[in-house]
Amino acid sequence: MDVLTPPAGAAAVKAASTRAAALLAGYQPLPGIRDEFVDRDGRLRPHWAPVLDRLSGDPAEVDRAFALADRHQRDSGVYYRVYDAGQSRERSWALSHVPLVIPEAEWATLAAGLVERAELLDAVLGDVYGPGRLVADGSLPATLIAGSPDFLRPMVGLPTRGRRRLQIYAADLGRGPDGRWWVLGDRAQAPSGMGYALENRIALSRAVPDLYGGMNVRRLAPFFQTWRSALAAQAGREASRICLLTPGPLNETYFEHAYLSRYLGFLLVEGGDLTVRDGAVFVRTIAGLKRVDVLVRRLDAEFADPVELEPASRIGVPGLVDAVRSGKVVLANPLGAGVIEARGLLGFMPALARQLLGRDLSLPNVATWWCGHKAEREHVRRNLDTLAIAPAFPARSGWPLPPNPTPGAELDDKARAALETVLERRGFDVVGQEMVRLSTMPVWTGGRLEPRPFTLRAYVVATEDGWEVLPGGFCRVSGSQDARALSMQLGDRSADVWITADQPVERLSLLPSPAQPQIRRVIGYLPSRAAENLFWLGRYLERAEATVRVVRCLAGLLVESTETTGPARDAVVRLCDMLVAWGAAPESEHKGPKAPALLDQALRSAECGGSVLSLIGEARRTASVIRDRLSSDAVRALADLSRLFEHEGVSVSQAEALDLCDQALRVMAAFSGLVQENMNRLSGWRFLEIGRRIERGVLTGRCVRRLADAEASAASLEALLEISDSQITYRARYLMGALRLPVIDLVALDDGNPRAVAFQVARIQDHLAALSNLPTHAALDLPQKIVLQVATGLRVTDVEDLEPADVLAVENRLMELSTEITARFFSQTPPDPEEGA
Amino acid sequence: MIYEISHTTVYDYDGRVSFARCQLHLEPASRDGQRVLAHELHISPKPVESTRVRDFFGNWSLNVAFAEPHQTLTIRAVTTVEAPARDAIAPMLSEPWESVRSAAGVIDDLGAGSPVHGLFGSRHTPISAAAAAYAEPSFTPGRPIVEAVTELMGRIYDDFTYDPKATEISTPIAEVLSNRRGVCQDFAHLMIAGLRSLGLPALYVSGYLRTNPPPGAERLVGADATHAWTSAWCGAGLGWIGFDPTNAILAGEDHVVLAVGRDYADVAPSSGIVLASSGHTLKVAVDVRPIG
Chain R
4 MDVLTPPAGA AAVKAASTRA AALLAGYQPL PGIRDEFVDR DGRLRPHWAP
54 VLDRLSGDPA EVDRAFALAD RHQRDSGVYY RVYDAGQSRE RSWALSHVPL
104 VIPEAEWATL AAGLVERAEL LDAVLGDVYG PGRLVADGSL PATLIAGSPD
154 FLRPMVGLPT RGRRRLQIYA ADLGRGPDGR WWVLGDRAQA PSGMGYALEN
204 RIALSRAVPD LYGGMNVRRL APFFQTWRSA LAAQAGREAS RICLLTPGPL
254 NETYFEHAYL SRYLGFLLVE GGDLTVRDGA VFVRTIAGLK RVDVLVRRLD
304 AEFADPVELE PASRIGVPGL VDAVRSGKVV LANPLGAGVI EARGLLGFMP
354 ALARQLLGRD LSLPNVATWW CGHKAEREHV RRNLDTLAIA PAFPARSGWP
404 LPPNPTPGAE LDDKARAALE TVLERRGFDV VGQEMVRLST MPVWTGGRLE
454 PRPFTLRAYV VATEDGWEVL PGGFCRVSGS QDARALSMQL GDRSADVWIT
504 ADQPVERLSL LPSPAQPQIR RVIGYLPSRA AENLFWLGRY LERAEATVRV
554 VRCLAGLLVE STETTGPARD AVVRLCDMLV AWGAAPESEH KGPKAPALLD
604 QALRSAECGG SVLSLIGEAR RTASVIRDRL SSDAVRALAD LSRLFEHEGV
654 SVSQAEALDL CDQALRVMAA FSGLVQENMN RLSGWRFLEI GRRIERGVLT
704 GRCVRRLADA EASAASLEAL LEISDSQITY RARYLMGALR LPVIDLVALD
754 DGNPRAVAFQ VARIQDHLAA LSNLPTHAAL DLPQKIVLQV ATGLRVTDVE
804 DLEPADVLAV ENRLMELSTE ITARFFSQTP PDPEEGA
Chain A
11 MIYEISHTTV YDYDGRVSFA RCQLHLEPAS RDGQRVLAHE LHISPKPVES
61 TRVRDFFGNW SLNVAFAEPH QTLTIRAVTT VEAPARDAIA PMLSEPWESV
111 RSAAGVIDDL GAGSPVHGLF GSRHTPISAA AAAYAEPSFT PGRPIVEAVT
161 ELMGRIYDDF TYDPKATEIS TPIAEVLSNR RGVCQDFAHL MIAGLRSLGL
211 PALYVSGYLR TNPPPGAERL VGADATHAWT SAWCGAGLGW IGFDPTNAIL
261 AGEDHVVLAV GRDYADVAPS SGIVLASSGH TLKVAVDVRP IG
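Protein sequences, first through last, are from chains R and A.
The first sequence begins at 4 in our numbering and counts up one residue at a time.
The second sequence begins at 11 in our numbering and counts up one residue at a time.
Bound conformation, chain A alone (with noise of 0.2 Å):
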């Protein structure tokens, strides 16, 4: 499917900004099969530097500088984005989840697709007790890795309660868990914990949905926004496989990939410094339309 995505930030400051350095990421990249036809992105005011970087992860990120005075910026990225369909997966025949923690980490590869950069805690993924015991009862002795992480999928999806109002990305994962409420990388977040506090190996995926459903199909939730869902290794064999526990399913041809990383922070799209006396209003309009 190809879609042509338009992703509109906007910061409103309540007094002029002097100076601002910030990192995007707005520019999918070509990866696993998707292939970005076109890209371009308008910034106002112009920035003052720009360098485009890819990361550790392959992602595009632009870092940029402000130096003219301005109380508003505006960043509007437009992509053209091939998604492809992804094969069937059996869940039946995935490796034991044991034996792909085992793998996972004595795996000699420390390049950007090695498992173990999932492996560790990070600043919104903190490894712990309570992430384990909520993920633990669905790593039953010898069952496949697909299975047992599908479910745990649909735990979150039944357990919690999509709520924007209820988090920031702030919120730690514990008040999430003891709340039962929160957003896709809310969800995303606290399925990554449960499966590296068991020594699984987990990525944090930002991304689009495809606003409309096809015909007699559902709208997914967290369409009109940046999306998140959850990076699961499977084995050497299978790789690593998105997870959508917002919606409950497996990432495919409606999920558009913008950057994959530890957790939120690494692929924040805007994220940045902002000389401002003040604090502002931020504005998000996405819209993912499929062109063919």
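This is chain R alone, in the form it adopts within the complex (with noise of 0.2 Å):
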């Protein structure tokens, strides 16, 4: 039942047409320029008249609609990283909320045409990096070969697993002016897109439900289903375990590739999680070396193995190629897939399609001259100021003229000559490209609907038995009206592709195959360096939340104390002290009231390392690199965090420090039970778990030493029972003001308060002990002997026995135990890997 419509009265009815006229009167397409919402005469295609009945309700309950379909993006940390000045920075998405409409039995002779294309790549593929007869019989030029930089020579010759060289296969497209769907290029290093666009799908199916539902779209799950079962057939073992290697976070579409691990099951490594032994892959786990079967790789290839490839790279996997030539993991795509993006080669495509299908490709690319040879080069001569001229090659030094397509019309007389001087010494350095005009579609812009190029990135995956097409895809909707170089890194939308049929659309069409095999949901062992993230994740926020915890004390002492006068002298000097030690706060130079300015850079400050604002810094980092591990609303709540501590300006009052604790623990008190509620609790929790906990344990040790040692006030006494949040637990048990030894027991031995320090040790106990049920080992590690020897010395000792020496034993013994932690669980990644010779 469709909520979101207005009561269907007939006012309401006749008011909506009067909006839908108004909305395509007011829709005006470029000239000469195809448009996929209305003909050539205005009128609205037929297949887009849901959309425009949805659009034509009360447009603030549209815009309330996309709106929502923004913040679905927005709190699921969809973003895309972009570079400008040299610096990288998180955009987060933009959503352009008119879906592209394309009708099932179009889209069924793209999609054949995809297929086609695909088959014919992999076919080139598997010749040039096989016999070799295409080169040999002059059908294809060695020099567009050899030129690519992706052409990796220590892969000619070597077997591939399967039956295909080319496995996931994307080709952008666009639309002429007579309706003709063109490929602009192919795609196959690591396409990106296919996360965003199941991203896109859910944000806008979720804030249009009604429409979305209407109008039979087709669904994606299945194609996602299929390529994870085609992945995993090709491991050859029952329980494969397939990995997604990315290049890391900096990486601009590392959102997406944490999105589509998780989506897809896929555990998420870098390179260094990763190590060839015997000419098999492993990754590191917790729990020692696993073994990988299948990669998909999201990582260039030139970089995927400093050893072979690329000396210099640090994100690679030394020995990756000896595994690859010991046929014992299987890549999607293979290393060298990306020879197939020559832009020089789309010259090529319509003779090799002849050749090698015996037909004319029914998708055909823009029209593409290769200067490498005489004529094509003269042709791009004599038509300089009709064609485009763009590299032959992705990549290459030298190349004196803007990377993308730019029309040759363009080009300024010095600008000309650089390109003589390249046709005349390198001409197969160079193309020459038709000139593309893309169609338009409509995107929603202050209640209107504009026209704007587009082009669409579909996709392709190898299955057992033949291809599967991805029913929609990636759609980048230009930003202005000029569609010529479109990059999703200058501020372009993305759009939902729509596939309507005209039949309701069956949830799940996938024969189950009898050899199918088993695809494991659940991820298996955690990867080390995930483990070790999550670990100092864990330690930075409570060190955080400490700090914060001591402010708010300090802050509510100074309304009536200074470190001079009042009752609470005492307590106000000790903590200042406390947060110094702590690098909260600079050593002050001068003598005098210091309190009130440590408030603010304990808080804020950016040179101060541990200051709360440094310290969730930290954590925000650690997080950034296991975002696939943490739920999309933990990561806001990290975000949040981080504002309220960034604001600029004058340093803040003690009631303004006051307020921004409060809310700082409830941000943080949110993220904790985000942690508690939504992270599956496998080991990777635990890691997070006991990072807490042994950082809680050591500050509670060091608050007690400094702040109920024999000389210490009532009030400091009260400081500390403040900061560890157990006044209520005091005040239940004992009748009376804080005194010593019983808020000792309380903070630093009651194994029953949750702040206490025993309690930390408790809980550390427990999560070791469930660690250890790993297969792999059956006595007592290490760490657990240290967490043992220090529960059993917490729970013998009398408080009245209770030294600060001891105390301090105990912390240096959770300094051990973290170390420990990382020798056991993490540093089978060693320290920075070095280059030889």
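Treat the hints with care, as some may be off.
Okay, the calculated bits of chain A under chain R, using three or more residues with CB under 8 Å as the criterion [as the list claims (entries may be wrong)]:
no., segment
1, 27–36
2, 57–70
3, 89–95
4, 123–131
5, 206–215
6, 275–281
A few chain R residues that face chain A, going by a derived Cβ cut-off under 8 Å, partial list only [what the hints assert, rightly or not]:
no., residue
7, Val159
8, Gly322
9, Asp325
10, Arg429
Just so you know, the hints here were simulated from the structure itself, not pulled from any lab data.
Using N, Cα and C, we set each Cβ at its ideal position, and we do this for glycine too.
Take the two lone chains and join them into the complex the hints point to.
Spelled out as structure tokens, the structure:
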């Protein structure tokens, strides 16, 4: 039932139809350009009717629905890393709300064309890395292959596992004025965008469920299931392990890597997580090395192995080529598949299709003249003013023009001279291309619809017996009305792509094959790197929280006391000293009251490594590399937390500091809750917990020593109770003011108090015991021994006998525990790898 | 001439190395008239994995992994090899360089010997306007290719100072070009970049140079370490010819080819990834002794 449409009274219907007419009338396609939404005479194309209908509702309601999609994108942390002025930063995703609608019949033709192209490119790849007939018989220029940075010579002659070289193929498509779809470029290196397509679908289908449900939109999930099964089937093992290899969090599409691996149940790994032993690939996990069968490669091949490929790569897997050579791992795509991305190759596709497939491609590419041959070179020289000029190969040094196709007509004399030099010396580096005029689709802006040029990236994956095309894709909509050089990094938007059927779609049309191996939905062993980052995330957050608690306590005391006067001056001095000792604030150079300034520094100083701002920064940095393991709510909570302390301006007053601390503690509590509730309670959660508990144990110990020594005033003891959040428990238990021994007992030894040192130790003990159930270890390991000794020590100590030195010893043992946990679980990743000669 | 060559490489690490994976290019291949008569390789500690691979360019490479903790890695290669005398080339009789350029671009051959592999920029030899500008004066219209390349080689020899302290392997060509100092790798890379930037095929050769000169001859530069020079494709008839810009001579009987590639990165005698927490020192000793 459609809940978003207003009541269908006659007046409302009339208003809607008026608005529909107005929207349509206000939509002005660009002259000479094909439009998806309306035909040449301005008539609505019938398959868009439901969309227009939906947009003709109350404009405010439409905006609300779309805002919902934006919020979903923001909340789930969808981002794209952009680079400008040498800096990289995250940008949230910009969704163009109106989907691209393509009727299923038209899509079927397009999909068949895509499959045909994939088939052809697979054959070309197989020949280039295999028998080399196409070059030998003159169908494919040797220069065009040798010139590609993705022609990886070590891969020549190596066998591939499975029938195909090409496992994932993407095509960038545009539609020309005559209504035909054209391929603008072929992608096989590590095509991006599938994850964003999924995310766009989720956001939009939730925002306009009525429209989505009513249009029989083909579902995306079956495609991904098919792909996952196809990958698993190649592994050749019952319980195959599939990993997605990412260049890491600095990559522009890292969000997508994390998202896809979570969605598909693949392990997200970086090069440093993997190691090659005896020609097989293993992932370093907290339970030792585990075999990897399939690597979905999102790392450019050149960087995949520093031993045999790019020696300077720090993000690759040493020995990966050896592993491929021994046939013990499947890569999707295989190393070197990117060779088919060379623009120059587009000029040869028509002839290759006739030769290899025996027919013309039903999905042609943009006409391309490769200037390695004289006739084509002359053609380009003669027609410079009507063609676009582009490099024949991706990412090559010495190219004097912009890397994207540039209209020849726009080249000034200097650029023309540079081009002429290249044409003469190195014509094989240049292509001329037909100028593409993309068709337009509607975008919703300010309650109106406007035409914008777009390109569509479509995806094809190899299956056991053929190919599967994603029914949809990743549509990039230009920010301006000039669509010549589309790049996601230039501020465009993306749109969902709806393939609409006449019949209701089946939710799942997958035929289970009897040989289909079991898919692991539960992510198996935790990679050591992820475990370590979770551990540190826990430690940083806990330290930040403790610092906030100390600052809040200090701010409260400063209402009535200073370092020199007032009933709580003893506590004020001790808290200030503690903040300085923790590195939250600098040593004071001058005598005199320092407490008020300290409040601000401890919260917001960018210079002090121990300030709350710095600690949260560290926590976010650690979280950013394990994005696949944190819920989007948790990620968002961290961002909120950071924002609290980032604001510029004059230092905060006591009252503001109190308020800031309260807000921060609330967000921190929310984060803890989210982690408790949402993180699956596998080993990852335990490492985060252990990190927290160690930090809390150590910091509580420090507070006990600083605030509860023999000379401590009642105010200091109260401060200790407050910082360790134990006032209520204390009041409930002791009907008197803070006394030293009961306070110490409560915050140090009482393992029933969730803030006590002993409680932390007990929890660590539980977590380590659970982790030791990992099959490889039976006896107590070193971390378990340490924590057992500490727990026993705390249990048998009476509070009367607990000396500061004993507390210090516990803290030191906990620090030692941290080191030993690192050695035991994380440090199979040795320190920074170093290159040889 | 037959040589016995000993090539010792010692890595001394500041800390213990737990795992290392390396690729060695220390075994010459029999090729182009050169014959390898014997080859032995001694590695300490003993590698846990060892795979001998014939790479794309026909070089032998040995991929080794070490899992035994060690602080010193010693690799000693002993090779007996016969280097052929090269026929004299009459530079005047070679093809005009422009026709060599045209022929290289359209050749229907992707095999190891094809000029196409020498046409494109690589890590140490990027295509650049500066390298082209340096090389260009030698390539006057219609000039025979061997004559032009020989002159380029001679200009590098004259214009640049051999100075082992001036550069490291990572020093970019642009810097070598402006400082006018470097070692054999730099000169070879510069010459390659110049040729490629003009559209002419060139490859990098690593190898050895006879240590002690014949009586009466001058000792050649670069003889006590591995040497490097440039191989330039001089047309389908002449094929690849070695030019040694460090000594301004054609590669001949005094030169033993160890490996051929696009630049140093393809053929480094030893390269790889070492898992160690600290730095290392590297010592290389090469002795090339004629034995008959």
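Status of the hints after comparison with the structure:
Counting residues of the segment 27–36 of chain A whose beta carbon lies closer than 8 Å to any beta carbon of chain R gives 6, which meets the minimum of three for the stated coverage. Check on the segment 57–70 of chain A: 6 of its residues sit with their Cβ under 8 Å from a Cβ of chain R, so the three-residue criterion for coverage holds. Under a criterion of three residues with beta carbons nearer than 8 Å to beta carbons of chain R, the stated coverage of the segment 89–95 of chain A fails, only 0 such residues being counted. As drawn, the segment 123–131 of chain A meets chain R at 6 residues by the rule of a beta-carbon pair under 8 Å; at three or more, the given contact holds.
Counting residues of the segment 206–215 of chain A whose beta carbon lies closer than 8 Å to any beta carbon of chain R gives 3, which reaches the threshold of three, so the coverage claim holds. For the segment 275–281 of chain A, the stated coverage by chain R holds: 5 residues have a C-beta nearer than 8 Å to a C-beta of that chain, and at least 3 were required. Because the closest C-beta pair between Val159(R) and chain A is about 6 Å apart, less than 8 Å, the hint holds. Given the 8 Å rule on beta carbons, the hint for Gly322(R) holds: about 5 Å separates it from the nearest Cβ of chain A.
A least Cβ separation of about 6 Å between Asp325(R) and chain A falls short of the 8 Å threshold, and the interface hint therefore holds. Because the closest C-beta pair between Arg429(R) and chain A is about 5 Å apart, less than 8 Å, the hint holds.
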